[in-house]
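Undergrad: Position in the sequence shown (first residue = 1) + 3 = my numbering.
Heads up, a few of these hints could be off.
Result set (BS3-like, lysine-lysine): computed pairs, CA atoms no more than 27 Å apart in a straight line [to be verified]: (1) LYS83 x LYS188; (2) LYS51 x LYS18; (3) LYS179 x LYS193; (4) LYS126 x LYS51; (5) LYS179 x LYS202; (6) LYS179 x LYS113; (7) LYS75 x LYS113; (8) LYS18 x LYS75; (9) LYS18 x LYS203; (10) LYS19 x LYS75; (11) LYS83 x LYS19; (12) LYS202 x LYS152; (13) LYS204 x LYS113.
Estimated spans, in silico, between C-beta atoms of each pair [what the hints assert, rightly or not]: (14) ASN139 x SER80: 39 to 45 Å; (15) VAL78 x SER221: 42 to 48 Å; (16) VAL78 x LEU130: 20 to 26 Å; (17) MET4 x ASP219: 29 to 35 Å; (18) ASN86 x GLU22: 29 to 35 Å; (19) LYS51 x THR224: 37 to 43 Å; (20) LEU46 x ASN165: 30 to 36 Å; (21) ASP219 x VAL82: 39 to 45 Å; (22) ASP219 x ALA141: 18 to 24 Å; (23) LYS51 x LYS188: 16 to 22 Å; (24) GLU225 x ASN86: 27 to 33 Å; (25) GLY220 x PHE163: 33 to 39 Å.
What the hints contain is simulated information worked out from the structure, not anything from laboratory work. From the three backbone atoms N, C-alpha and C, an ideal C-beta is built for every residue, glycine too.
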Amino acid sequence: MLNLENIREVQNIAKKTIEHVQLQTKEGMSEEDIKILAESFMLSNGIKKFWYYNVGAFVLAGNRSLLSISGKDYVPSKVKVKNGEVITIDLSPVLNNTWGDFARTFYIGKSNNEINEALEFIKNLHLMFIDIYNHNLAISMIHNELCKKIQNNGFELLDFRNNFGHSIEEDITLRKWFDSNNNEKFSTLKFFTFEPHIKKKGSSYGIKHENIYYYDGSKLTEV
């Protein structure tokens, strides 16, 4: 059943999984290795299945982090991750027939100012979204406003649908999109993701940062 308690429970498992993966990922592992690591952790913590075309952990490393492809077409690479490369991981666990959806980008190795600045921007983009959110406005209006903020800060959107997220559903075919073509009000989305997939212009990697949000009656709140 789609409710806050169930979403919070499955989302907490997803968050713990990302923490586990960040601690355990080492240079020389592949996307396939990291995918297995993440999915095994979720399964050992009560997750029974994955809602996104049975891909529990969508992992892209290095310059493959620029790719925007459907889970239907995803095949993890066996190429070993090098020191300093970014790793993006997007999780899609199911618990009590309820989706979790959580993504983060991180990197291994020594500190990289360019990547750190990009990761800081995408975190701030979430704060900008929370600030301008209005449940009575059209989804397309807020999408367009966020696109301007991305472009004005020297970034570009990578998603193949020019999409920022989707509603949380029990059926994958019923998702409503957070894009420029959706003129419905945000109030039509009870729970939804914000997951911008972007890159700094001229850079060789993409970054992603995803949370599930809901309107609590006064403000937009992260699950």
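Undergrad: Next, verify each hint and record whether it holds.
TA: Checked hints:
no.: 1; hint: LYS83 x LYS188; in the structure: violated (44 Å)
no.: 2; hint: LYS51 x LYS18; in the structure: holds (17 Å)
no.: 3; hint: LYS179 x LYS193; in the structure: holds (11 Å)
no.: 4; hint: LYS126 x LYS51; in the structure: violated (30 Å)
no.: 5; hint: LYS179 x LYS202; in the structure: holds (24 Å)
no.: 6; hint: LYS179 x LYS113; in the structure: violated (40 Å)
no.: 7; hint: LYS75 x LYS113; in the structure: violated (34 Å)
no.: 8; hint: LYS18 x LYS75; in the structure: holds (24 Å)
no.: 9; hint: LYS18 x LYS203; in the structure: holds (26 Å)
no.: 10; hint: LYS19 x LYS75; in the structure: holds (26 Å)
no.: 11; hint: LYS83 x LYS19; in the structure: holds (24 Å)
no.: 12; hint: LYS202 x LYS152; in the structure: holds (13 Å)
no.: 13; hint: LYS204 x LYS113; in the structure: holds (23 Å)
no.: 14; hint: ASN139 x SER80: 39 to 45 Å; in the structure: holds (44 Å)
no.: 15; hint: VAL78 x SER221: 42 to 48 Å; in the structure: holds (44 Å)
no.: 16; hint: VAL78 x LEU130: 20 to 26 Å; in the structure: violated (35 Å)
no.: 17; hint: MET4 x ASP219: 29 to 35 Å; in the structure: violated (19 Å)
no.: 18; hint: ASN86 x GLU22: 29 to 35 Å; in the structure: violated (21 Å)
no.: 19; hint: LYS51 x THR224: 37 to 43 Å; in the structure: violated (27 Å)
no.: 20; hint: LEU46 x ASN165: 30 to 36 Å; in the structure: holds (33 Å)
no.: 21; hint: ASP219 x VAL82: 39 to 45 Å; in the structure: holds (43 Å)
no.: 22; hint: ASP219 x ALA141: 18 to 24 Å; in the structure: holds (21 Å)
no.: 23; hint: LYS51 x LYS188: 16 to 22 Å; in the structure: violated (34 Å)
no.: 24; hint: GLU225 x ASN86: 27 to 33 Å; in the structure: holds (32 Å)
no.: 25; hint: GLY220 x PHE163: 33 to 39 Å; in the structure: holds (35 Å)
Going down the numbered hints, you'll see the structure goes against 1, 4, 6, 7, 16, 17, 18, 19, 23, while the others check out.
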